[in-house]
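*Asks:* Produce the entire structure from the sequences given, and follow the hints as far as they go.
Protein chains in written order, with this note's numbering: chain A, 23 to 347; chain B, 3 to 285.
Honestly, the hints are just simulated from the structure, not real lab data. Any given hint could turn out to be false.
What the hints assert, rightly or not - Listed below are the simulated DSSO-like cross-link pairs for lysine-lysine, each with C-alpha atoms no more than 30 Å apart in a straight line:
1. LYS306/A <-> LYS60/A
2. LYS115/B <-> LYS60/A
3. LYS171/B <-> LYS109/B
4. LYS60/A <-> LYS171/B
5. LYS110/B <-> LYS171/B
6. LYS89/A <-> LYS109/B
7. LYS110/B <-> LYS60/A
8. LYS109/B <-> LYS60/A
9. LYS171/B <-> LYS115/B
Unchecked claim - Only some residues are given here: those of chain B computed to face chain A with a beta carbon under 10 Å:
10. PHE64
11. PHE66
12. ILE173
13. VAL175
14. ALA255
15. LEU257
Think of the CB as a built atom: it goes at the ideal place given N, C-alpha and C, for glycine as much as any other residue.
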Amino acid sequence: MKATGSGAAATAVRPGRRPGQSAPPPAPAKRAGRCNVKAALIPWLFLAPALVIFAMFKFWPMAQAVKMSLYEVRPYLGDRWVGLDNYRQMLTDEDFLAAIGHTVVLAVGQTGGAIVLGMGLALLLEGSARHLWVVRTAAFLPTVAAMAVVAEVWRILYFPAPDGAVNSILSWFGAGPSQFLNSEDSSLLSVMAVGIWRGAPYDMMIFLAGLAGVDRNLYEAAAVDGASVFRRIWHVTFPALRPVFAILFTLAAIRGLRVFTEIFLLTNGGPNGATEVMMTLIYKLGLERGELGIAAAGSMLLLAATVLLTVVVRAVQARSSRQVA
Amino acid sequence: MASGFDSALGFSGRRGPVAAVAKVVVYTIVVAVFAGPLLALMVGAFTRVPDPTSLSLTSGEFTFDNFTRAFDRGVLGYLANSFIVVGGGLLLQIAVSVSAAYSLARKKFPLMKLVFLLILSTMMLPEEVLAIPLSLVLSEVNLTGSLLGMIVPVGAWAFSILVMTEFMKEIPVELEEAARLDGAGDLRVFWSVVLPLCRPALGVIGIFGFTMIWDQYLLPLLVATDAQQFTLPLALRTLRSDEEVGVGVLLAAALLALLPSVLAFLAMQRQFMRGLTSGAVKG
Chain A
23 MKATGSGAAA
33 TAVRPGRRPG
43 QSAPPPAPAK
53 RAGRCNVKAA
63 LIPWLFLAPA
73 LVIFAMFKFW
83 PMAQAVKMSL
93 YEVRPYLGDR
103 WVGLDNYRQM
113 LTDEDFLAAI
123 GHTVVLAVGQ
133 TGGAIVLGMG
143 LALLLEGSAR
153 HLWVVRTAAF
163 LPTVAAMAVV
173 AEVWRILYFP
183 APDGAVNSIL
193 SWFGAGPSQF
203 LNSEDSSLLS
213 VMAVGIWRGA
223 PYDMMIFLAG
233 LAGVDRNLYE
243 AAAVDGASVF
253 RRIWHVTFPA
263 LRPVFAILFT
273 LAAIRGLRVF
283 TEIFLLTNGG
293 PNGATEVMMT
303 LIYKLGLERG
313 ELGIAAAGSM
323 LLLAATVLLT
333 VVVRAVQARS
343 SRQVA
Chain B
3 MASGFDSALG
13 FSGRRGPVAA
23 VAKVVVYTIV
33 VAVFAGPLLA
43 LMVGAFTRVP
53 DPTSLSLTSG
63 EFTFDNFTRA
73 FDRGVLGYLA
83 NSFIVVGGGL
93 LLQIAVSVSA
103 AYSLARKKFP
113 LMKLVFLLIL
123 STMMLPEEVL
133 AIPLSLVLSE
143 VNLTGSLLGM
153 IVPVGAWAFS
163 ILVMTEFMKE
173 IPVELEEAAR
183 LDGAGDLRVF
193 WSVVLPLCRP
203 ALGVIGIFGF
213 TMIWDQYLLP
223 LLVATDAQQF
233 TLPLALRTLR
243 SDEEVGVGVL
253 LAAALLALLP
263 SVLAFLAMQR
273 QFMRGLTSGA
283 VKG
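*Replies:* And the structure:
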């Protein structure tokens, strides 16, 4: 209804349009030539807005980052070429190496945790019943909530006093109380748990889509052969889901590497640097301490890791799909 | 056939009293773990919560105090900023995606492969990786300190373009050709033939764009130069460090930041799921 309305509006706005320009009758050579130029331009006109925005906010900053990473960036004084010095400084800096370590641990833990938990949820909540749909929808809500909201809620739930929300629950099982985000020992794990909590329902939905595509006859055949539920899942379901695992792993690992908001809001790298990740460190270096060159070098490293990971997973995926075929 | 092979595990299809109890227990735990924290947020927003330990799902009487105090702190202004950013950003994003997709799906032109690759490659260049130079570029083009700086950069999003392109490829060419024979130019064909047929896909990129822009944090952080331009998610951090407001006020603001994305998701769940699977499976 709306679309028809705007379509009519578009027609009304352009009354002077020359009809028949795209299916011209035999025309003089000159005019045909102009039409061809016009026809060649049209795809670019439609692409222009996207390309301009990408150029301005993706590729231009990207080029700047490459350049900055090779300079000592000095506002007002002019930049000084330092070659790979920024990279060397970064890779010999203890804080940075620690941040890389935290980033990898967090990315692996969150990715793995979310995939395992998501798979479990998918297996438990698979089915077409209405109440299952309700449970799945409720479980999915963390994924839709803005990260900033999630972080504030968990900061409150993690309140480190014995009568904080999560500590109260732990005490039912005789565990805790924990300091959670406030202690160097538990902060990274606490952040990881929030990431898994938010990531697992997403993975669950993807797995459910994958499960729906598994041939039911295979289950039946396995049952006829006397296979247990466990063997059925191991030998029939998991192999069918292999591409889904690969995709989820890539997506989550890439997202994990560039984790920023949850750390920034939950711990801001603390306590005592125990949860400092690459992005929070880069942010502090670049925007709070003005070390733009080193921060840019850090970004380049992050980008390189992302690209490498994508390419490797794609290659492995391509090889394994060839093997299957 | 009503056999027990509705699901891989067969858990949800089990019958009998033991299975029924097991199911209720499992489902309750799942809902409590994943929806519980958000439910606690909702309850806390409407009860008096002076400090984090007094957050409770059951006790506490209903009050609207948290919201009135949150409004005193300018939360409505932040919410308005959020809506301006998400509204403007989403409109721009949809327009840009649809227009680019029309070219990619319906036209053949030299360098098309390269353009496609470039668009794909932007998926590996999120704000996080580009944060430092992006903040410089934003100030160079005078977009810092204005909501426009949070709107324009999200205007082009590879995911939307790709979903839209895939969808447009499926639209039969015959319809377009018929319109062309009637003398319609590209813009006409685009507006009155292709676009109306894309409505299902518009729902998909609409709901995804909404949640994506609503979740933006780093970009607004780079753009905002003072609290006037804060979106609601950014403002939560300031509210938290404000000693004078209690946890309840923070929860009220957080609830306002939560509801739009949750409501949008619930309203457009089917489109969301379709986008989720198509987007994930195609990378």
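*Asks:* May I ask you to test the interface hint for PHE66/B with respect to chain A, counting a Cβ-Cβ separation under 10 Å as satisfied?
*Replies:* violated, 20 Å
*Asks:* Is it true that the CA of LYS110/B sits at most 30 Å from the CA of LYS171/B?
*Replies:* holds, 12 Å
*Asks:* Any CB of chain A closer than 10 Å to the CB of PHE64/B?
*Replies:* violated, 19 Å
*Asks:* Is the hinted pair LYS115/B and LYS60/A satisfied, with a Cα-Cα distance of at most 30 Å?
*Replies:* Status holds; Cα separation ~21 Å.
*Asks:* Keeping to a limit of 30 Å between CA atoms, is the pair of LYS171/B and LYS109/B held or broken?
*Replies:* Given that 30 Å is the threshold and the Cα spacing comes to 10 Å, the pair holds.
*Asks:* Are LYS89/A and LYS109/B close enough, with their CA atoms no more than 30 Å apart?
*Replies:* The given pair, whose Cα atoms are some 36 Å apart, is violated under the 30 Å limit.
*Asks:* Is the shortest C-beta separation between ILE173/B and chain A less than 10 Å?
*Replies:* violated, 14 Å
*Asks:* CA of LYS171/B to CA of LYS115/B, is that 30 Å or under?
*Replies:* holds, 16 Å
*Asks:* With a cut-off of 30 Å on the C-alpha distance, tell me whether LYS306/A and LYS60/A pass.
*Replies:* violated, 49 Å
*Asks:* Are LYS60/A and LYS171/B close enough, with their CA atoms no more than 30 Å apart?
*Replies:* Holds, because 23 Å separates the two Cα atoms, which is no more than 30 Å.
*Asks:* Once the shortest beta carbon distance from LEU257/B to chain A is found, is it less than 10 Å?
*Replies:* Hint holds; LEU257/B Cβ to chain A Cβ min 8 Å, cut 10 Å.
*Asks:* Given VAL175/B as an interface hint, is the shortest Cβ-Cβ distance to chain A below 10 Å?
*Replies:* violated, 14 Å
When held up to the earlier numbered hints, the structure conflicts with 1, 6, 10, 11, 12 and 13 and fits the remainder.
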